[in-house]
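Chains as they are written, first to last, in our numbering: chain A, 7 to 251; chain B, 7 to 251.
Hints are computed from structural coordinates only; laboratory data are not their basis.
Everything numeric in this text was worked out from a predicted model, so none of it was measured.
Be careful, since some hints might not be right.
Since the list gives no way to pick one copy over another, a pair counts as held whenever it fits inside one copy or between any two copies.
As the list claims (entries may be wrong) - With a straight-line cut-off of 35 Å between C-alpha atoms, the simulated DSBU-like cross-links for lysine-lysine are:
hint : residue 1 : residue 2
1    : Lys59     : Lys78
2    : Lys101    : Lys59
3    : Lys22     : Lys249
4    : Lys101    : Lys234
5    : Lys38     : Lys234
6    : Lys38     : Lys157
There are 2 protein chains.
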Amino acid sequence: MSSVIDLLKSHRSIRKFTDQAIEPELMEELFKAGQAAATSSFLQGSTVIRVSKPETREELARLAGNQPYVAKAAEFMIFCADLKRAGNYCEAYGKPFEGDFTEHFIIATVDVALMAQSLVTAAESVGLGICYIGGIRNNPGPVSELLQLPKGVYPVFGLCLGYPDQDPEIKPRLPLSVIVKRECYDEEGDKQAIEEYDDRIREYYRTRTGGGHGISWSEQVATLLSEKSRPHMKGFLEDKGFKFR
Amino acid sequence: MSSVIDLLKSHRSIRKFTDQAIEPELMEELFKAGQAAATSSFLQGSTVIRVSKPETREELARLAGNQPYVAKAAEFMIFCADLKRAGNYCEAYGKPFEGDFTEHFIIATVDVALMAQSLVTAAESVGLGICYIGGIRNNPGPVSELLQLPKGVYPVFGLCLGYPDQDPEIKPRLPLSVIVKRECYDEEGDKQAIEEYDDRIREYYRTRTGGGHGISWSEQVATLLSEKSRPHMKGFLEDKGFKFR
């Protein structure tokens, strides 16, 4: 249909990078491509902290749950949802600051994700590989301290960028019939479709790891949702001024 | 640098569409391109409700704050964060369901945004125009009822798709220096850069509307953050099982 569609469909996370640096001019283009993504109410609620210092990178790799590529990738950056930049102007215009509603949290978080995903597509279009690092939310407090993130700003995820030094398979996705519904939410047929998909995923892991880790999709995600996942996030975000009003 | 980067940088929202339909084969490719985006912990926490019935589209246009293109675009879909699909399997594997933490909410919301943005890029690459519709969060309860969204699923935003019948200007973004920081959060120089940007935005609105609406970026976003924005979202989400624990 289009080479861009083929590019998008060929995405896989890269966790091993060559030593090749990314040209400054290219980095600038990637940021501009990301920035051009849609932004809710024109907020532009993203701030990207680009981290180059080796000691900070090492520390972030550790805080993200020991992910060595955070230290080793040509570029690593942390995407932050930022309500401070806009909030700074409330006083200037004689308005009260009320930007701590759940809705504001959604707007800023979605803004960040849209920007990041456009930057990712731009990067992949020139042969770079990427890996999102949700693991920085393991330790959002120390990460925020390290990057001196003020109130009104929180680290949503990290992103590794670099030239790939591996060529992993594309991970199969759920059947479209399960993801895309017509007119209303309807689970008919999903159980059967997911059963077949589970078989594919077991097989995917078997061929990748040589026999050991043949876990299905449904079992993985059931585990995810049976865990008190990062229970510190709520308190951390409230401290940062996201009050979920 | 790459035609994909040029494509991404040329994004603008389209709110007027021709009557031309989108071929079913192309729609399927767009969904697959979206689905190939990264997904946190392999959750795949997105469900897309594709709405075609004219009466439902009219109702959604109304619920989104009277946005006529919601009814008129060739395609309209609602992107939902979905923790139900995965949560269904907790019982099957004998695990407790704990998927109502703030972290789970972030994971699912980010998943949706990444998928949508890849779908958007795919669409724009074949000449389609798009408009995100955050306005559906004006009335998330009625929208959810209309689409029969169960507990564990919430509508994040809508998306209009169609062939453009207008050619709006690209809206200037904040200077890169304001958005991208080195090593840590640092506002030095931002005030001045935003002042200059405010002038550009005033000018952008002046030339677009013929003199009337010369509002700056900082004033717009200060207003956004001085409003108790969609204060119903918290209660709505809690009803839907997102407990922000």
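Outcome of the hint check:
Within a single copy, Lys59 and Lys78 get their C-alpha atoms as close as 11 Å, which meets the 35 Å cut-off; across copies the closest is 51 Å, which misses it. For the identical chains of this complex, Lys101 and Lys59 are neighbours neither inside a copy (39 Å) nor across copies (42 Å), given an alpha-carbon limit of 35 Å. Proximity of Lys22 and Lys249 under a CA criterion of 35 Å is satisfied in neither setting, with 38 Å inside one chain copy and 37 Å between copies. Taking the shortest alpha-carbon separations for Lys101 and Lys234, only the inter-copy value of 12 Å comes in at or below 35 Å, while the best intra-copy value is 38 Å.
Taking identical chains as interchangeable, the C-alpha atoms of Lys38 and Lys234 lie at most 35 Å apart only when they sit on different chains, with a minimum of 31 Å there against 37 Å within one chain. Proximity of Lys38 to Lys157 under the C-alpha cut-off of 35 Å is restricted to the intra-copy arrangement: shortest distance 26 Å within a copy versus 38 Å between copies.
Violated hints, in rising order: 2, 3; the structure is consistent with all others.
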